[in-house]
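A.B. asks: Sequences listed follow chains A and B, in order. Our numbering puts the first residue of the first sequence at 105, with every later residue one more than the last. Our numbering puts the first residue of the second sequence at 2, with every later residue one more than the last.
Note that these hints are calculated values from the structure, not bench results. Check each hint, because a few of them may be wrong.
Residues on chain A that point at chain B, a partial pick, calculated with CB under 10 angstroms [unchecked claim]: (1) Asn346; (2) Ala349; (3) Gly507.
All values reported here derive from a predicted model rather than from experimental measurement. From the three backbone atoms N, C-alpha and C, an ideal C-beta is built for every residue, glycine too.
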Amino acid sequence: MQKYSVFSLIKNAFSDHQNWEVAWKDPTPKKEYDVIIIGGGGHGLATAYYLAKEHNITNVAIIEKGWIGGGNVGRNTTIIRSNYMHDDNALFSEFGMDLWRKMSQDLNYNVMFSPRGIINLAHSDAQMNAYSRRGNSMRLNGIDAVLLNREEVQKRIPMADFSDNVRFPIFGGLMQPSAGTARHDAVAWGYARQADSMGVDIIQNCEVTGFDVTNGKIVGIRTSRGDIKAKKVGLCVAGSTNILAEMLNMTLPIETHLLQACVSEPVKPLLDHVVTFGAGHFYCSQSDKGEMVMGGDLDGYNSYSQRGNLPTLQHVLTEGIAMFPFLSKLKMLRTWGGIMDMSMDGSPIIDKTHIDGLYLNCGWCYGGFKATPASGWTFAHTIAQDRVHELNAGYSLNRFNTGDLIDEKGLGTKTWIS
Amino acid sequence: MLYIFCPHCGSRSQNEFAYGGDATVKRPELNKEISDQEWNNFVYLRKSPRGKHLELWHHISGCRQWIKVERDTSTHEIFKTYKADELTE
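All chains should be built: construct the whole structure from the sequences, respecting the hints.
C.D. replies: Below, the structure is given as structure tokens:
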């Protein structure tokens, strides 16, 4: 594989950038693989990469119905954080933060990781107390957390509404300085390029139509490009999880819902951090191009359409304007939607299933993008070793049966109730 | 914007409604031994199909009745609505 560097950039400049190698190949599926990962999104690509890198398993195929980077990995709002209170979430996410910090060097691909800090705003004394508790829990797990008072928040985001006559005055906030953003497409492309170079077949435009299970063991999959045998199969398909589960006669604690995001026209740099509104669902950051990147509530009913409706967008932006009044002056540039695999406790599932050789990675709700490296790393471990790693032991499928929920915010599919 | 036909009030915009989830889920019968698996099925497990989905909506800013709506989860087409106690096809 051609290494990306300033020298290769200069060298290729002499040939008008016409001679760059393709970043990944377009192979025809083989008859058999050791491992098939279904879903060529961030998590699937990362899983294949860590299977090859950490476990030396390279006879791997990624089966993608659409194209690499066309799903949620290209539709999210690029936020990376580990500001969780519960140990399972905190340790998992902080492990991921380490992978994020090293990612650009590790993948030889600039993912533009920008640790600009996230501020969760508080709008009441009770919320300040809750944030103080969460911040202390984070620090006990070695994650940086700073409780900001009103003045300290005002210094960092003076454009927020600090006037007296507001419905939700800003009391302060909880900041994780090491949180931030990254270029989401680059994450997908970087993982795809490295996985491909280590021998992983990335097979795009290939839809899974069925599974071959014999005596409780997976033996292969059926696809629109023919049957493929496999010793192990991992599902990594986010919002499409239930569609595949139905083919396997499985019912999961997952509902598929639509989440919208939008960006404004680009403006000069004014917002240094990622900021979340504490009195509703709204968050905002500014992209390197200057666009305000915004998101918020689910549309609120089961949906597989990758586009949303205006009432929800209006509701979300109303909250946005309550937080940052200047947003009302900006024009919207684009809105889009992605389908989320909403789990019933708001936490993900990375586990084995009752079918031998079939592994499940789903339930990421809003938090899939930031989990990309840690999810891929632990899922690769679970598949390669046929047992869960201690980092994802809490993300079991059986926890709903045993009552060991990880109810970080007490929210599942009905997030709009809070 | 969805327009939902409330069997009590007529066609109204989705802004008047709150979503109540899958209407095919049945609570386990009272007065008998219920296994953890049955509770798990009732509380957490959902088919969440792509396509026709029978779901509950609450006409919260209207007549405040719960209704059943048969809707396509990928096109959002609404086929039929029912009163809460009405038998569905």
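A.B. asks: Check each numbered hint from earlier against the structure, then list the numbers of those it violates in ascending order.
C.D. replies: No hint contradicted; all consistent.
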